[in-house]
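Read off the chains here:
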Amino acid sequence: MAETILEVRHLSKSFGSQTVLRDVDFSVRTGDVTSIIGASGSGKSTLLRCINLLETPDSGEILFRGENVARPGFSAPAYRAKVGMVFQSFNLFNNMTVLENCVVGQVRVLRRSREQARANALRYLDRVGMAPYVNARPRQLSGGQKQRVAIARALAMEPELLLFDEPTSALDPEMVGEVLSVMRALAAEGMTMLVVTHEMAFARDVSRRVVFMDKGVICEQGSPEAIFSDPQREETRSFLARFRQS
Amino acid sequence: MDKLLKLGRDVSLLWRGYGASYLGGIKNTLLLALVATAIGCVIGLVCGILQTIPCAKTDRPFKRFFLGLIRVLVRVYVEVFRGTPMVLQAVFIFYGLPYFTDNAMRFSSVWAAAILIVSINTGAYMAESVRGGILSIDPGQTEGAKAIGMTHVQTMTSVILPQALRNIMPQIGNNFIINVKDTSVMFIISFTEFFAFHRYITGVNNMYFPSAAIEMLGYLCMTLAASFLLRWIERRMDGSSSYELVQQDALTMTAGTWSLPDAKGGR
Chain Z
1 MAETILEVRH LSKSFGSQTV LRDVDFSVRT GDVTSIIGAS GSGKSTLLRC
51 INLLETPDSG EILFRGENVA RPGFSAPAYR AKVGMVFQSF NLFNNMTVLE
101 NCVVGQVRVL RRSREQARAN ALRYLDRVGM APYVNARPRQ LSGGQKQRVA
151 IARALAMEPE LLLFDEPTSA LDPEMVGEVL SVMRALAAEG MTMLVVTHEM
201 AFARDVSRRV VFMDKGVICE QGSPEAIFSD PQREETRSFL ARFRQS
Chain W
1 MDKLLKLGRD VSLLWRGYGA SYLGGIKNTL LLALVATAIG CVIGLVCGIL
51 QTIPCAKTDR PFKRFFLGLI RVLVRVYVEV FRGTPMVLQA VFIFYGLPYF
101 TDNAMRFSSV WAAAILIVSI NTGAYMAESV RGGILSIDPG QTEGAKAIGM
151 THVQTMTSVI LPQALRNIMP QIGNNFIINV KDTSVMFIIS FTEFFAFHRY
201 ITGVNNMYFP SAAIEMLGYL CMTLAASFLL RWIERRMDGS SSYELVQQDA
251 LTMTAGTWSL PDAKGGR
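The listed protein sequences derive, respectively, from chains Z and W.
At position 222 of the first sequence the residue is numbered 222 (this note's numbering), and the sequence of numbers has no breaks.
At position 227 of the second sequence the residue is numbered 227 (this note's numbering), and the sequence of numbers has no breaks.
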């Protein structure tokens, strides 16, 4: 029985009068791939950003290995070093080369030696097929290449949990495959992943659990088979039907 | 035409007599402008970092009060030194210190006083330029840095400021050129820069216009040189526009086989 690495309890968040998350409860177990699906504006990304403390939740708890990281005065940087995040818009450091992007966090945050960080970065860049591009700058890469570097940057920190915020939504269709195949390989290696995605095939085939969100609440969650083949809620059925049409 | 020839004769006469003084003035002006702009940039960068420290509602009240206080102090500094003439600031600081300490304390060197005054004046302008430079950087850069566990200072020094600095290079150039010219007001505390020598020399021989011609030409040469230098630095900062692919077989040595550390219980 795998242990629970992340547990979200009664999480709520609003921006002004707009309630984005309402009493969200769910958990992630070590080694599992959990996909969060749902319509745009249903709060998926905000949930992920709350988990990484890029947004401050209004109420509720986020327990990482049993410790509440959403409490006032909690120091976020050390926690974030253990929880990697891959963004929709890549967010590679524009002032650095591909290699430096993957080295800087290891050197400055994990205090690794430059040689060790370099060797490590090269290993992960090789893993995502970007090793030949170590000297390139982000602006010289395609979207799919940028996202693969971003994944290598997150992996180089050797995180215990990896968050993906719609990693393929900003990509041209022909580049989606290269990023998804990297993610599939990671899942097969046993990486604990929490993925906000519109790629239903990925959610169905790769994840262990699927969470469906609607209007800021978790509407339904369960195994991919249960959600995709036998959805219990009307909202889930109509969301999936809209996807099958398109 | 003969007037121009007369000007040429007068200028060369002045230059033969006082060339060394003019050159010494140019040296002082450049040195003061360079040092003060550099210190001003550092002040601006520090103000920029201080002003952008994130402040969440969940932070402890003491921290929130402290951050609020810092922001107010930076604001006051910027508004006071940007909003008063540098010539008055010079008088105020240079003569204010002995006035308030009953002559117990005074500036031992006019250089120290001049550098201090021009630096804090430049710093006030730079603080705003740096703030603008930081605002111009996509928030995604900050989020990317935060997401790998960087603190605010690490985020600023590794990711944001190098990019912001590149964006505000034209502004730094502006400040340097303004300082080359505006340090001329430092004659008020008897600092002998380029323009001060014009006053001394014309005080002796009344050749106002020829001396002014030398001054005009001198300032123009300094600022043009500064412009070229800054452009060169900007091009250097942009780096190469192309990159070379690294051959795969060169990498197999360092790359090795990949394994996920956590799946095997950490290393």
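Note that these hints are calculated values from the structure, not bench results.
Just to be clear, a hint being listed does not mean it is correct.
To be verified - Stretch-level coverage of chain Z by chain W, calculated; a stretch enters the list once three of its residues show a Cβ under 8 Å from a Cβ in chain W:
#: 1; segment: 44-56
#: 2; segment: 136-148
#: 3; segment: 195-206
Source: prediction; values computed, not measured.
Beta carbons are placed, not taken as given, at the ideal position from N, Cα and C, and that holds for glycine.
Verify the coverage statement for the segment 136-148 of chain Z against chain W, using a C-beta to C-beta distance below 8 Å and requiring 3 or more qualifying residues.
-> Coverage by chain W holds here, the residue count being 3 at a Cβ distance below 8 Å.
Apply the coverage criterion to the segment 44-56 of chain Z and chain W: a residue qualifies when its Cβ sits closer than 8 Å to a Cβ of the chain, and three qualifying residues are needed.
-> Three-residue rule met by the segment 44-56 of chain Z, so holds; n is 3.
Taking 8 Å as the C-beta cutoff, is the stated coverage of the segment 195-206 of chain Z by chain W satisfied by three or more residues?
-> violated (count 0)
Hint 3 from the list above is the single one not met by this structure.
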